[in-house]
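Got chain A; can you put chain B on it based on the hints?
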Amino acid sequence: MNFKHKYFFLFPGLFVLIGILIFPIIFVVRLSLSGWNSYNPGLDYIGLENYIRLFTDDPRFWESFFRLSFLSVTTVILQYVIGFALAHMVWKDIKFKRFFRVLFLVPMMTTPVIMTVIWRTFFHESLGPVNDMLSIFGVAPKWLTDPVIAKFTVIIVEVWQWTPFMFLLLLAGLLSLPKEPFLAAAIDGASPVRKFIYVTFPLMAPISIGAIIIRLIEASKIMDTVYVLTSGGPGTSTETSSFYIFIKGLREFQMGYAASMSFTYLIIMIISLTIIAKVLTKLLLKE
Amino acid sequence: MNKLYIFLKYFFIVVWTVFVVAPFLWALTTSFKDFQSVNGGVTYIPWVDFEPNLEGWKVLIKSPARGGVDIIEPYFNSLFVTCTASLISIILGTLSAYALSRYTFKAGFVKNNDITFFFISQRIMPPIVLSIPFFLFLSSINLLDSLTGLIVVYIVLLMPIAVWIMVDFFNKVPREIDETALIDGCNPYQAFLKVVLPNSIPGLIVAGMFCIIFGWIDFFFAFILTFTEVQLLPVKIVALNSSVTPWWSLSASALVSVAPLIIVAFIVERYLSKGNLSGAIK
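These protein sequence lines map, in sequence, to chains A and B.
Sequential numbering of the first sequence, starting at 86, is according to my numbering.
Sequential numbering of the second sequence, starting at 456, is according to my numbering.
Bound conformation, chain A alone (with noise of 0.2 Å):
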């Protein structure tokens, strides 16, 4: 089967491909080295003064950085642990198997921005039913004003829209697991416990790391419902990268500085990603 054939097949789309982002991705690095900004729009060369604007001069931009490391990895922890449990428990047989299967399938086939503005009523201070709930304790927590706060509301409602992703990974992974090892356990008489960690958790270990990653590469992109929910506020506190990126580049039109940052964060989560896939490989795969 090696005819010229096979290139009809693979071009159309690798064409496509990179026909749409070819022009893009040189344009981000060009741009990056220009001062192109509203008063000033032109492709001008100033060398690499922006990103040692970026380097030297910019705290704002790491914090937002060090944030969105902190919002994915512990929403993707979460959604992790969650998603697994959620998933082993309507693996095997269970009452309204299929129900449960869907519903906990539902949030991520909403608009996350869409479910967003629902839940900025949910969460408000004085009109929403959490805190009128919470209120028989006496609190009412500042969900969307309080600096602290505020990051574990974006972390409940990142849970909340993403965990059934993670959940029909891990679900599609269990329900393709060979039979074998677990008849061998069965005849063994482990316990249930017993069971979880010495087989099937260890035959999960390749289909998490490909969710996981996943996961961690949509999660560093959280910027809508950041937007949506707190519009990066109390001042900058859940401000993201994308969203930093997003007021400098399209609100103050600074778009020489803005492409020199994206390219930034665009190398920095490639390596991290690239980091991550390797430190999670060795650890859930030695054996």
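Wrong hints could be hidden among the right ones.
Claimed, not checked - Short, incomplete list of chain A residues facing chain B, as computed with Cβ under 10 Å:
{"no.": "1", "residue": "Phe93"}
{"no.": "2", "residue": "Phe94"}
{"no.": "3", "residue": "His173"}
{"no.": "4", "residue": "Ile203"}
{"no.": "5", "residue": "Thr206"}
{"no.": "6", "residue": "Asn216"}
{"no.": "7", "residue": "Pro249"}
{"no.": "8", "residue": "Pro277"}
Stated by the list, open to error - Pair ranges (Cβ atoms, derived):
{"no.": "9", "chain 1": "A", "residue 1": "Leu128", "chain 2": "B", "residue 2": "Val476", "range": "50 to 56 Å"}
{"no.": "10", "chain 1": "B", "residue 1": "Ile717", "chain 2": "A", "residue 2": "Ile360", "range": "51 to 57 Å"}
{"no.": "11", "chain 1": "A", "residue 1": "Ser276", "chain 2": "B", "residue 2": "Ile516", "range": "35 to 41 Å"}
{"no.": "12", "chain 1": "A", "residue 1": "Lys177", "chain 2": "B", "residue 2": "Asn597", "range": "55 to 61 Å"}
{"no.": "13", "chain 1": "B", "residue 1": "Ala562", "chain 2": "A", "residue 2": "Phe338", "range": "38 to 44 Å"}
If you're looking for bench data, these hints aren't it; they were derived computationally from the structure.
Since the structure is predicted, the reported quantities are computational estimates derived from the model, not experimental observations.
Every residue gets a Cβ at the ideal spot worked out from N, C-alpha and C, and that includes glycine.
Frame of chain A; chain B shown alone:
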């Protein structure tokens, strides 16, 4: 031990179910409220706590001039952009995935896996990185604020998903069936169209569902690349949020916009239970 485990299991399932359902229930009750029952304190149960009315739902179809929010046009825009971009992505992605699964490519150090990785790795690209060049690029060719421009951008978002799912799916379709077709005198295109594709329908459906999900729920590009001429549903509803629109019509429009994809949840579950999704994850 076992009883405790079962108790904890059902307890956890119930807690999570409540958590999943809560915002929907809240939105549903809120959509039937009026000014008094929203602003006069928190109310939950219709007819007991407050008198339900249909005002929130009625304004959805009225034009803005008559005090409505008119989400019909954004609805169809969203539907059109999502479906078109998904269709193009699926067609192109499936062809490429088939090539990557069946043939060997080698150009220098670049091999099949590298090409596959190139496709999939486009998901790593943060939307913000693309948004600035796309913004300037589309405005220079007058495609800013148009459906065409959005479709082009969405293809980049969706094709990696299609390739990712289809490569794994084709890898599970036995090679013998194409080889038999070729021996029977089909050319490779006929073999693909008449033999391989019909055997890949579950994979195509799963890939299609994922493309539709990720197209439909996108807000970011629609938000940056369109303004007034063309509005997609999420942008429209978020815009409602920032103006003074009351909670009841906000809730009603949110529910209307998330409803269609609930059907997708049923389809995905069906294919999940049949084991058609497993290959894609490994």
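So, going through the hints one by one against the coordinates:
1. Phe93: 8 Å, holds
2. Phe94: Status holds, d = 3 Å.
3. His173: With a closest approach of 9 Å, the His173 of chain A hint holds.
4. Ile203: 5 Å, holds
5. Thr206: 5 Å, holds
6. Asn216: Hint on Asn216 of chain A: holds, closest Cβ of chain B at ~8 Å, below 10 Å.
7. Pro249: Hint holds; Pro249 of chain A Cβ to chain B Cβ min 8 Å, cut 10 Å.
8. Pro277: 6 Å, holds
9. A:Leu128 with B:Val476: 50 to 56 Å: 52 Å, holds
10. B:Ile717 with A:Ile360: 51 to 57 Å: 38 Å, violated
11. A:Ser276 with B:Ile516: 35 to 41 Å: 59 Å, violated
12. A:Lys177 with B:Asn597: 55 to 61 Å: 57 Å, holds
13. B:Ala562 with A:Phe338: 38 to 44 Å: Holds, at about 41 Å.
Against the hints set out earlier in the document, violations occur for numbers 10, 11.
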